Amino acid sequence: MTKPLLELKDVVLKVNRNTPEEITILNKLNLTINAGDFITVLGSNGAGKSTLFNAIGGDLSIDGGQILLNGKDIAHDSVEKRTRFLARVFQDPKLGTAPRMTVAENLLLAERRGQHRGLMPRGLNRHLDHYKELTATMHNGLDERLTTATGNLSGGQRQALSFLMATLKRPEILLLDEHTAALDPRTGQDLMRLTNERVSQDKLTCLMITHHMEDALTYGNRLIVLHHGKVTFDVAGADKAALTTEKLYSFFAEIE
Amino acid sequence: MSLAVSAIGQGLLWAVLGVGLFLTFRILDFADMTVEGTFPLGAATAVAAISNGMNPLLATLLAFVIGALAGLITGLLYTKGHIPILLAGILVMTACYSVNLRIMGRANVSLLGKSTLFKNHLLAALPQYFDSVVLGTIIMVVITTIVIYFLQTELGQGFIATGDNQTMARSLGINTDNMKIMGLMVSNGLIAFGGALVAQNNGYADVNMGIGIIVIALASIIIGEVAFGDLTLNQRLVAVTLGSILYRFVLLLVLKLGFSANDLNLISAIILALCMMLPVFKNVLNFKHILKRGLDTND
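Protein sequence lines correspond, in order, to chains A and B. Residue numbers for the first sequence follow numbering that gives the first Met the number 0, beginning at 0 and rising by one. Residue numbers for the second sequence follow numbering that gives the first Met the number 0, beginning at 0 and rising by one.
Any given hint could be a false lead.
Below 25 angstroms or equal to it, Euclidean Cα-Cα: the simulated DSS-like pairs (lysine-lysine) are [to be verified]:
1. K27/A to K8/A
2. K79/B to K13/A
3. K80/A to K79/B
Hints were generated in silico from the structure; no laboratory data involved. For clarity, every value in this text was computed on a predicted model and none was experimentally measured.
Let's have the full structure, built from the sequences with the hints guiding it.
Here it is, written out as structure tokens:
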């Protein structure tokens, strides 16, 4: 039996608390994520997808409910503490990398995600061969630019680097927030394929927000739909495989 | 000759400020106004401590510690109190003025007849002005080496990442608040250390000696960058010291032209403004060049 890795129980999250503009973004949301799940997350704008990620990541504090990692409540842990188990790739390629640092330096930073950083020399050189091999798997010339400042890379290269950084030190949970949306269609599809390869190879537990219905159907073993801050649709395995874009569109038409 | 030696000596002593400000201005990427208060704070601390019989070296190190405490306050106001960094710096700078008067008891305290770092037997045996060259070189080599080593450590890389991309740094588990506080503490510690050195070199501390300090420290950074162009991070840190020396030569030249020492703040501001606008000028000049070429082909 698969054990739940992360459980969200009756999670409530409001913005503009105690003001006339108070809005409830997550409204008693329940979601159980099992180890090895690759979940695609759909939902219209304002449904709470990004807010869900920010609640898991700790950027936003929740107003009610529980977030349990392996049964332990982590709802009050800081963003920094949660990075021990959590890695993220943001939609904006600029958010995921340090522009004035080189590709190799960025990877080295990611290598120590969530770990103590002390006054030991960083030891960049002994990692270079590994980084060369790793970046070569992206097939986009990143391996030729290890000593280039990431600010000088293309958006696609930067986003591929962000993805490598997120998976370099195996995260227990990987959050992908529309990480291919800012790229041109071809580059986006390349990264999407690489994402799928890496997630299945390393058996990562992954949540991926997307606006591409095709991607949501093609990738992952489970699909959820968020609506008004709740999970309104949740299919996995054979049920998900049987799902078509038409069925999804008609479902969306129903809930709107 | 002696004027040139004096300029080099002054440049080396003031370079401490450039390196200190580099940590916040260039790495954390914000302007910290606290330094205008911590420079005289360091001077006041060292002068008061020496006047009370403390060993000059200990007094100078004490100035570093007190400066770092001022930086800690700015850091807490900024990160925990959510006060914008510019205002947090101005608040601590303003408060420092009163603290400095309290420490010194009056607006100006002389070190006449007291021991200083410059009055030990080795330095006193040197020709005039060479004492600050020797001491300044030793101090800058030590400080630059420590800072370069630090920036290459795991912690130092996290510090750089904080200034470069805060969102990413946090998502990799780097506590960006602590990094900013640490940067402000070390930076202001160094500035106060510089204040202690300058006060001992001048033979007095004055409560108004902090005015324009941020411009002088920025000038060393910017002149170094303008003079030496594309450099690695480590090379840029060394360029700060060279920039500081170059800046002293520029001031020397200005004084030779007949300006008085009272004009120096105005001139420093103009030099810094010109250096910082250099990229704009370059664009304008290139534009003219292209325009001219375009006209030439029509001829």
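Quiz item: Are K27/A and K8/A close enough, with their CA atoms no more than 25 angstroms apart?
Solution: Within the cut-off at roughly 7 angstroms; holds.
Quiz item: If you draw a straight line from the CA of K79/B to the CA of K13/A, is it 25 angstroms or shorter?
Solution: The given pair, whose Cα atoms are some 22 angstroms apart, holds under the 25 angstroms limit.
Quiz item: Given the hint that K80/A pairs with K79/B, does the C-alpha gap stay at or below 25 angstroms?
Solution: Distance ~18 angstroms between K80/A and K79/B Cα, so the pair holds.
When the structure is compared with the earlier hints, no violation turns up for any of them.
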